[in-house]
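Chain residues, written in single-letter form:
There are 2 protein chains.
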Amino acid sequence: MKNFNKADIQEMDQRFRARMINSIGGFKSVNLVGTVDGKGNPNLSIVSSVFHLGANPALMGFVMRPITVTRDTFLNIKETGFYTFNSITSDIFKQAHQTSARYPAEVSEFDAVDLNAVFKKEFPAPFVSESPVQIGLAFKEQIDVKLNGTVMMIGEIQEIFIPENCLLDDGFIDIEKAGSITCSGLDAYYSTRKIARLSYAKPDLNISEI
Amino acid sequence: MKNFNKADIQEMDQRFRARMINSIGGFKSVNLVGTVDGKGNPNLSIVSSVFHLGANPALMGFVMRPITVTRDTFLNIKETGFYTFNSITSDIFKQAHQTSARYPAEVSEFDAVDLNAVFKKEFPAPFVSESPVQIGLAFKEQIDVKLNGTVMMIGEIQEIFIPENCLLDDGFIDIEKAGSITCSGLDAYYSTRKIARLSYAKPDLNISEI
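Chains as they are written, first to last, in the working numbering: chain X, 1 to 210; chain A, 1 to 210.
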């Protein structure tokens, strides 16, 4: 095995280190974040840092750097209080990746990459029409990480739209069936193949596939 | 499409809601967290909430509920200041899942599920011998999320052990080649198949596969 210690990591070329540290923690969720500014101009950005925070209330977080390409997303969420997470499939992953380009604030990434913004019910932020799994969130809390200047944006789920045939009887959403893909690092995308669902684990009980 | 709003979510059966909200955000990283208590007794727990926080310094976070099954992990990190993340492959995913059972504090999950703890160099927390990707971290900051009582544990990478043939020339770690799997929800595990790596996105430039 190859070993790197803290000093080795600090001495790496910046881009080499970014690729390594971004890919070491495992496969990641990948979503498109939809917002509008105060004038209703839409914005779309790809994020690979969405995480589950709790089910009751239904909270999700994501990490961002407010000074980089996600600056418009950050400002829009702060201004309007609402945003959407939209799943990425193998049909749209190149367009989704392209939203990470540094477009001027006045350019809608929806138009630039040819994805369709759709507004549903009274929800104030746009969903991605091409995404099978769509989540509308209300902004709840900004957590500043002083160690490196990143921020975590915490939101509560307000609306869920999922394909009817992907919701199982026990509540589990079959996101593989919905076409969701996963990613690693800054630029690698993967489809999945289910190995198994496992039963709830208890001491002295053999787990089984469910 | 099927639609659920905030009120629908609140009225769901607790376990139904937990399965749904845990699976909606996309595929997740899955790792084993290795720790010891002040007497050197090892502990191992599975987490699906590890996220990348920054590359310089190399910071990673994970979410936990200190009052549940990860209580020992939480206390051990606070007591010793060190822990490890270890990748999960299809060879050990059932054993990894079994660590989520509520074993008494005096039981080592390494023994209970038959995984091997290995200590490397001077690092104070145990790595999982069967895991191809092993990360040693120093605890840096605890962030309490008042919205729901969860905590985020932030750590800085001190040691990395990866298979020699999984590190690409540009720094990217091929975790698929290393056998890492991904998960969804509370209990579903998946292998991956690479679709593509994509070039750095710029406005008015077509992205290409790299």
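For the record, the hints were derived by calculation from the structure and aren't laboratory data. Mixed in with the good hints, there may be bad ones.
If you only want the chain A side, here are some residues facing chain X, beta carbon under 10 Å, derived [unchecked claim]:
(1) G38
(2) G40
(3) P42
(4) I67
(5) A105
(6) P132
(7) D170
(8) L186
(9) R193
Computed spacing ranges between beta-carbons, pair by pair [what the hints assert, rightly or not]:
(10) L75(A) - D13(X): 35 to 43 Å
(11) G149(A) - T80(X): 21 to 29 Å
(12) P57(X) - P57(A): 28 to 36 Å
(13) P104(A) - L75(X): 32 to 40 Å
By construction, the Cβ of each residue, glycine as well, lies at the ideal position given by its N, Cα and C atoms.
### Message
Does the closest beta carbon of chain X sit nearer than 10 Å to the beta carbon of G38(A)?
### Response
Result: violated, 24 Å to nearest chain X Cβ.
### Task
For the hint on P42(A), just tell me whether its beta-carbon gets within less than 10 Å of chain X.
violated (16 Å)
### 21 to 29 Å as the expected CB spacing between T80(X) and G149(A), which holds or is violated
Given range 21 to 29 Å: holds, Cβ gap about 28 Å.
### Task
Using the beta carbons of P104(A) and L75(X), state whether their distance is inside 32 to 40 Å or not.
violated (50 Å)
### Restraint outcome when I67(A) is required to lie within 10 Å of chain X by C-beta distance
violated (13 Å)
#### Entry: Restraint outcome when D170(A) is required to lie within 10 Å of chain X by C-beta distance
Hint on D170(A): holds, closest Cβ of chain X at ~6 Å, below 10 Å.
### Task
Tell me if A105(A) is really an interface residue toward chain X, meaning its C-beta lies closer than 10 Å to one of theirs.
violated (12 Å)
### Query
Do the beta carbons of L75(A) and D13(X) sit within 35 to 43 Å of each other?
At 38 Å between Cβs, range holds.
### Message
Using the nearest Cβ pair, does R193(A) come within less than 10 Å of chain X?
### Response
Hint holds; R193(A) Cβ to chain X Cβ min 5 Å, cut 10 Å.
### Query
Could one say that the CB atoms of P57(X) and P57(A) fall in the range 28 to 36 Å?
holds (32 Å)
### Query
Close enough to count: is the Cβ of L186(A) nearer than 10 Å to one in chain X?
holds (8 Å)
### Query
Taking the closest Cβ pair, is P132(A) under 10 Å from chain X?
holds (8 Å)
In summary, the structure is inconsistent with hints 1, 2, 3, 4, 5, 13 from the numbered list given earlier, while agreeing with the others.
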